[in-house]
Each structure stands twice: as C-alpha cells, then as structure tokens.
Amino acid sequence: MLIITYFALAVFGLGVAYKVSTWFRYYIDINTGEISLSTRIFAAIKGMISTLFSMKIFTLLKVFILDVLLQVRTLREDFLRWFMHICIYVGFMLLLLMHALDKSITSELFPDYFSTINPFMFLRDLFGVLVILGLLIAVYRRFFLRIPRLMTNSADNYAIIIVAVIIFSGIILEGTKITSHSKFQQMVEDYYQLDDQEELKSLEAYWITNYGVISPDLKGPFKANILALGEELNEGCVECHSRPKWAFAGYGFAKIISPVAPVLDKFNAPVLLWYIHFLVCLLGLAYLPFSKMFHIFSSPLSLLTNAAMDGEKSDPANIATRQIMELDACTHCGTCNSRCSVAVAYEAIPNMNILPSEKISSVKKLAAGKILSYKELRDIQEGIYLCTNCNRCTVVCPVGINLQDLWFNVREVLLKKGYPEFFALSPLSFYRGLRKKDGAQKDYQKPLGLARSAIVSKCELMGIPDKSLPLAPTDGKFQNNLGLSVQANTFSACFGCETCTTACPVVANYENPKEVLGLLPHQIMHAAGLGIQDLAFGSNMLWDCLTCYQCQERCPQGVGITDILYELKNLAVKNVKDKTSV
Amino acid sequence: MKFALFIGCNIPARLEQYESSARAILNKLGVKLADIKEFNCCGYPLQNIDFKAFVLASARNLALAEKRNLNVMALCKCCFGSLKKADFLMKENASLKKEINAILEKEGLKYEGNAEIKHLLYVLYHDVSVLHIEKKVIRPFIDLNIATHYGCHVLRPSKVVQFDNPVSPSIFDKLVEVTGANSIDWPTKLECCGAPLWGVNDDLSRDLTEKKLRDGKKSGADYLCTACPYCQIQFDTVQSMIAAKGDDNFQLPSLLYPQLLGLSMGIDKKSLGLQMNRLSLGGIEDFFGSDGKADLKEF
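The listed protein sequences derive, respectively, from chains A and B.
For the first sequence, the residue numbers in this note's numbering are 1 to 582.
For the second sequence, the residue numbers in this note's numbering are 1 to 299.
Some hints could be false.
Unchecked claim - From the structure, some residues in chain A lie toward chain B, with a derived Cβ separation under 10 Å:
1. Y140
2. F143
3. F144
4. P148
5. T152
6. T209
7. Y211
8. P427
9. G560
To be verified - Pairs of lysine to any residue residues, derived as SDA-like cross-links and limited to a Cα-Cα distance of at most 25 Å, are as follows:
10. B:K37 to A:K103
11. A:K446 to B:K37
12. A:K103 to A:L282
13. B:K52 to A:K103
14. B:K37 to A:L282
What the hints contain is simulated information worked out from the structure, not anything from laboratory work.
Cβ atoms here follow ideal geometry from the backbone N, Cα and C, with glycine treated the same way.
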C-alpha cells in the first residue's frame, strides 16, 4: 500500500510539474513566440518577487480572502452555484485536512484525537454530507435544470464521479465497520484481554445494543444485568469511542445493511472497502493534475496573478505565461456562456466555438500544438471572431481569466493562418480596428482582403472583363432566396432612377466609384432583378455599405435597398461556404 | 416611468461614461431604470452574415423585457435600430416569429411584441419633455455651438424606427438647446459617422469621419454631440487615432448628450465621466452663463 501511495504521489508530482512546465513552454500570443523559455521563467520569478515585496500584497490578500476563499465572484452571479461549490469545496477541504491528513495535522493539533470520538466523528460525516449535498446540486444543475447553453463534457462528469466515489466509499466503509463483528472482536483482543466468557458476552451485548454491532450468534434484547456489566466494561472503550449514531451518515448506512451485515463481515467487507476508498483517493490524487480538479491550484493562481498584473504595463513574457496558465484555471463552469453577449447566436449558427467555455477547450488544443483540421480551425476562428468584445466574460469569470485578451490574441494568431473569415467584414471588426496597434500590425489588412477575395473567387462572372450576358433571368432560385425579410423582395420595383446611388455617401466619397466599388447600389438592384448572382455578390459595394439607410429612405419606389444589400451579404457568404465545404 | 435599460456591448466595455452620465441625468429627471443582466447583443453586428442570428438575438432581449412587463430604453442607436427592425420584421412575418419563438421557448422565453423600444433621446423628448428638463437646467450654457450628430439608425428607415422626421429631424436639436447651447446647422448633420466600417475599411471610414469633422468645424461648432456609443467612439477614440497619425487640421472634440445636459444640470464632472473622453473637453465650462468669460462674450 505504501508503494502505491508513493507511486500516486510521484504521478501527482510529475503531473503538476509537467502542467506547470507547459505554462512556460506553450504560447498563443503572436508576439511571444520568440521569447525563450528561460526568459519566461526568469520574468515570472522576477514578477512574483517584485509583487510580494510591494503594496500589491494587500490587493492579493484581499483577492485571496474574497475571491479564493469566499468565492464572492461566483456569489454575485448565481447563489445556487455558489452554495453548491461552497458545499463541495468546504466539505472536501475539511475532510482532506481533518480526516485524510489526520496523522500529520489533526493529531498534532489535538493530542486526544481519535477518528472515532466526537467531535471528529460527527464532523467527518457532516463534511461528507456537505459534499454530497453539493454534488446533488451539481447533478441537478447540469442534468435537470435547463440552463441555456451550459455545456457538460467528460471532464465535468469525471469530476463529479471521482468526488462522489470517494465520499460514498467512505460512508459505506464507515457503515460496514460499525456493524462489523470481527472488527469488534479484534479490538477487544487488542485492547482488552478478557478471558471471562461472560464478561466478553456482556460487552458484546452492550455494543450490539448501543454501538450497532451485528453479531452472527448473539441477538438482543438483553437482560438488564448483562447490559449493566457490559456498560461497566465499556468504561475502557468510551475514551476512544463515541456512540456511532453521531456518525450519522455511516450509522444510517449501517442500519440499512444490518440484515446482510454478518455476510458482509464474513467476506471481510470492511477491509475490502478500505482498500477501495484508499485506492480511489490515490487515483484522484494521481490523476488530479490532468483533470478538472487541477483548478484547486490553478484557479487561485489565476485570480491572484490577474489581480497583481496590470494590463499593458506587464512584461509580455509574463502575459504569455499567464494566458497559458489561465487555460488550466478554467473549470468549465459555464458562467461565461450564460452571460456572453453573443452566445445566443449558437442557436442559429451551430458552432460550439461561439460559446466561450468551448472556445477555451479549443484554444487549449491550439496551445498544445495539436494538429487540427481545416474545418476545426475555421470553426474556432469563426467562434472567436463572433464576439462583440463586450468584456462580460472577463468580468464574470469566477476564476478571473482575462478571456477578452485571450480571444484577441488567438484571433490574430488564427487570422494569420490565412483562412478567410467573413465576420471580419462586419461591425464585429470595430474592436479590432480600435486595437490596431496592439494586434498584428503589418498583417492588419490581410484578413479583410482575404475574406473579400474568397467571396469574389466564387463569382465566376467577376473574372470576365468584358461581360456580355443573356437577357433572360438566369437564376430564379437566387431571387427567391432574397426573402428573409419583408423588405428584401422589393427589388423588382426598381426602375433604375439612381436616387439610391446619388444619396449614397460611400459612392460620393470616390471620384471614380465604379472602379473601387464595382456595381453601384442601383446596379446591384438591377443585377438582383435580372437574377445575376455573381455580379450582385462580387461587388465591393456590398461590403463597403455603411448601412446608413440613406438609399432606402429616399427610394421613390420603396425598394428596401439597404436590407437587400444585407441579404446579399448573407447569401454571398453562404455561397462561398456551400462551394468550399467538402 | 420605468424602463429596462439596454446598454449593449460597447458601453460597458469601452464607454462607461455614457452609462454613468445617462443614469445621473435620468435619476435627476425621475426616470426609473431596471437592469436585466440576461440581456445580450442586439444582433446588429450579426446582420451582415447571419440574418436569423440577428433576429434571434434581438428577439431574446425583447422577450426578456416583455417577461418583466417593461419597455426598453436603448442608449445605442445601432442597438435601437436593430431591436426596432427585428420587432418590425416579426410583427410583419408570422412564420419568422414562430421560428424564433421555437428557439426562445427552450429557455422559457416568448416574444409577443408587447415591449416598446425607445431611444434615450426619444424618452427625454416625449416621456420626460423639454419643459420638465428646462426646470432642472441650473447652469445654462451661453454661446456654446454644438453640432448635433443624429446618427443613422435612429432616423432611418423611418418606416421602421419612427423616431423623428427623417429629412428634417428636430428632437435632438431641441434637447441640445434646452441646455442653453446653440444647435448649429451643418450640411452633414444627418450623415453617417463612419463607425460601421471602422475595422472593415479603415480608409473609407476615416474619409467619412474626416468629412464630418471638417464640416462641423467649418460651420462653427465648438463640440460635436452624440447619443450613440459607435458615433461617440468614432468621433472620440478613432478621431484621436487619426489625429495621432499627424494629418489633422480639424480637431473637433465630441461629447455625449447626457454629459452636455448633465453639466447644465449641475451634475458633478466625475459622474458624467468627462475625464474619460479621449479628446479633452477642457474649456466647455467656460461657456456657462455664470462664468465671467461667458458673460463678456454676450455683451
């Protein structure tokens, strides 16, 4: 057993070391690829030391108490989830300190400590039940309460299962031990040299009546004098044994199994269960660095580093390290999803990466250098671009991950890979424009041009310089598609008066607008009327439209020009996606 | 008078002073606000690529407000326009409404179209009234020339938004004038600020912004006044980015309407977040009537 324990500890230690090493080895920032490992380690040490010896120590203390210990950030968002987590966390931590590490902690603090006397016996069950209560809420939240866009993956299931197995195996072990007759006999032999058979029987009777022991041959009720003798003899035991009913969970279980207790005892169940309980705990320990449970270490670290570091002034090497560390701090709790401004779009665009919690999982893969397929990369890129940069995920993250910065970095990294991103041609790019100087400066324009050319490349007519086209409508299906909104099927009313083009501030901005914009608004309406999809999709005008609605407002024919342009944009993107999907 | 305040995405992340100043003036004017933290993006930036995602996002907000029996007050004109448009479309198109409601139903929401959508300026003009605001103005400006920038999505398409006369609107001018300032005439008053293309086509966006700035300056404006985060960020942050490149000769700082009104109502500068504007508004207090300098100007 000792060997297994050391083995588990070794795996745990190596696991933690491996995880921590990834914080320094991996990178996701476009600018930090060149920073060497030693520079990053050195910068981290320097950063930590300078923080510890500055006034920031008080900020850290505050964050530690409020956000790490009391988890106020979670409380602010959702009381039920806070209560759930507090139950599991307080219960489990206290069990760890008082029960699992009793030899090195509890016995040192309380010289009279025995696991079988109160208050320890009662507290152990109380903490266990607290954890179970938390686990029940967790299961209820994840599987019964329909929380929109709360995602549950195998790591979440593992976390619930491992904690549940640890706690339940403990309670079952306790229950079987209470009923165990062989355990009783062994204790008597070890601590109480009773040779007198009658005395032995009296003590046993007393324990059967008061301590829940189930004997294979002795059955109550017993005579008062026997019990009185038993009580007298029990004087030697009370010192170490409180009544088991205080261990209410285990005692309850003992009552349930009492009919089969002798059989269980015969098969040495208490010993077997002890092994199970112990081994499961060791398994949990060994696997901890690779499971969601690693957040016990990484989440407080994330909260503290984010409190200590201030944005732009921090060493880029440390920002890179922090961003990788934050990926391990994520507990997949889903708070970001429930508060994300665009998470609702996931219901219309089935791409998991729209949801922040799932983006994190994808970014983890990216950071670890996993080979991802074209489609996976495109999906991650779209998910990350589909973000209004409202900062809410960062504000609400219970472990303080600076998600918005992470998205900003990964967005630039992905855009560099050269896959067209059509959301780049939308107001979602506003923030990227505002942060021009922080991003990939020399590659700033690249994704914008790439998205446009990807669209044009699927419009064959755009490649023909001298276009002479048949007059018959060429694509009726395309026209039928222009009906998403009621305004959009009004293009057929256009009689080409050019009021729209005259009113357009974009057209007015150029000396030779056709050269820059391709078709002008009235020509696009005409192209739509003729059903010439390629010309309508391929014009720069589409993506240079401000959506200021000047044209639509002034159209004498009531054509919903701006809305038609909106729909053409939708269709143009769909056209590319349809033609490129494998 | 109570509204669900719709702050959208830009304001909490990049223009907090709009929220704080709006809250400060609305508080003084007796308008009560409810915060619905489940509100999401209005859908505006999604329209280019995915129509359904846009309508869904808007509809979810409206359903949330409806559930609480509240009307919505938007601070952003693009949010306002998008919510209005989605509302309009779903009222016109029953099958769209059904399709959207089928998705909303999964989280116990339903859009029926009972929540009214108003913009801050509309609420101030129609629900609060200029007369009532006038009573609260304790420090009217004198000789302050303001170029009011209406913003596109609050005016057009007029059939959908129904905010004011789309060709010669006057609500914003009257609201500016109640502070004592002059709302000047300027040719590009109703034109776009350029923000929708910032990040998409920066050169074009910049051309349009510069045109407006030059035009405002030429028409004698001391400041621009906006009531939309996109317009304000464009005229403030983006203007300072353009200016940083060194080719400007038209600097014209912009302030948010609640900042202007708040100053004339005597609200402290910190609540109005004046120091958070990128381009300094320094000197605006010189235009107060009680100030000697302003008095001199008058005579």
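Cross-check of the supplied hints:
{"no.": "1", "hint": "Y140", "in the structure": "violated, 17 Å"}
{"no.": "2", "hint": "F143", "in the structure": "violated, 16 Å"}
{"no.": "3", "hint": "F144", "in the structure": "violated, 14 Å"}
{"no.": "4", "hint": "P148", "in the structure": "holds, 4 Å"}
{"no.": "5", "hint": "T152", "in the structure": "violated, 16 Å"}
{"no.": "6", "hint": "T209", "in the structure": "violated, 55 Å"}
{"no.": "7", "hint": "Y211", "in the structure": "violated, 52 Å"}
{"no.": "8", "hint": "P427", "in the structure": "holds, 4 Å"}
{"no.": "9", "hint": "G560", "in the structure": "holds, 8 Å"}
{"no.": "10", "hint": "B:K37 to A:K103", "in the structure": "violated, 49 Å"}
{"no.": "11", "hint": "A:K446 to B:K37", "in the structure": "violated, 37 Å"}
{"no.": "12", "hint": "A:K103 to A:L282", "in the structure": "holds, 17 Å"}
{"no.": "13", "hint": "B:K52 to A:K103", "in the structure": "violated, 62 Å"}
{"no.": "14", "hint": "B:K37 to A:L282", "in the structure": "violated, 43 Å"}
Going down the numbered hints, you'll see the structure goes against 1, 2, 3, 5, 6, 7, 10, 11, 13 and 14, while the others check out.
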